[in-house]
Amino acid sequence: MNKRNIAVLIGGILFGFGLSYSGMTKQEIVLSFLRLEDLGLIFVLGGAALVAAFAINVLAKYQKKPVLGGEFKPRRRILSWNIIIGAVIFGVGWGISGQCPGSAVASLGTGNLPVIAGIAAMFIGAYIRGLLDS
Amino acid sequence: MFPLGIEPYLVGGIIIGIGVGLIYLITGLHATQSSFFTATLSWFSKRKHFQKESNIKERGWRLTLATGLVIGALIHTLTLSPTGFWTTSVQLWRLVLGGLLVGFGTRLSSGCTSGHGISGLASLSKTSLYAVIVFMGVAIVTANIVQMLGVSP
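Quick mapping for you: the protein sequence lines, in order, are chains A and B.
Last residue of the first sequence? That's 134 in the working numbering, and every number before it is there in order.
Last residue of the second sequence? That's 287 in the working numbering, and every number before it is there in order.
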């Protein structure tokens, strides 16, 4: 495994640990947020985004280049109808199932086997998107 | 508002942010999730949408990232988790129908809770802020409608 993949694996392990620690791997907890019964998810998203923002906007400026070379590019997308319509469709799916891509994949590590069906469905959804794009 | 307290949410979120920040500072990559599906499909489909150069270039590390997510959640489950191994009781049809819409929607939207929600907001992207407001608002309305229809769990 090259250095880049080792770094991605270690960061991914932290990411997955945090998703499980915060309960985001449990669809019931995510759904209780979406029904506004437990607002904790705001702290997960906010905490993660703030720490990542510090890395992207402060630490990266001092460091100038990624440790393994290349250049830093903040993640920006140009606003389009696809992004908004896609967000609406994603929101319906999230609200029905309590699953999003990262939390569903991490949920496999908690022994949550039914989520395999959800992940398979996400692949099919992504595939249909690809068919419509061609 | 916080029946389980704030600590697990805040600490978990900070750990996620450290993972995402570490990957960015070392490699310059954004650890986002929904592209994993498209990139992985490039191994199986010859269609142009999946055979884009970026998918081919990224599919290796995206699979590694997904593997890391599973390992990290497994480590937590075996160590600090108060519940240990756990299975959802949300009905299968909800996981499947929701999953289809999540897969399609996040790819049409070029991002999900991690892409727009964490990396996008952390990059101070206005587009991602709009996307987060839309998908979160729609999800809140949807989850409440599902409950009002008497669907549980």
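Hints listed in this document are in silico derivations from the structure and should not be mistaken for laboratory results.
Don't take every hint at face value.
To be verified - What the simulated footprint calls covered on chain B by chain A, stretch by stretch (three residues with Cβ under 8 Å from a Cβ of chain A suffice, anywhere in the stretch; the number is not a length):
| no. | region |
| --- | --- |
| 1 | 144-150 |
| 2 | 182-194 |
| 3 | 208-214 |
| 4 | 217-224 |
| 5 | 247-259 |
Every residue gets a Cβ at the ideal spot worked out from N, C-alpha and C, and that includes glycine.
Here is how each hint holds up against the structure:
Check result for the region 144-150 of chain B against chain A: holds, 7 residues qualifying (beta carbon to beta carbon below 8 Å, three or more required). Using a Cβ-Cβ cut-off of 8 Å, 4 residues of the region 182-194 of chain B lie near chain A, which meets the minimum of three, so the contact claim holds. Using a Cβ-Cβ cut-off of 8 Å, 5 residues of the region 208-214 of chain B lie near chain A, which meets the minimum of three, so the contact claim holds. Coverage of the region 217-224 of chain B by chain A holds [criterion: at least 3 residues with CB-CB distance below 8 Å; count 6].
By the rule of at least three residues with a Cβ nearer than 8 Å to a Cβ of chain A, the coverage given for the region 247-259 of chain B holds, with 13 such residues.
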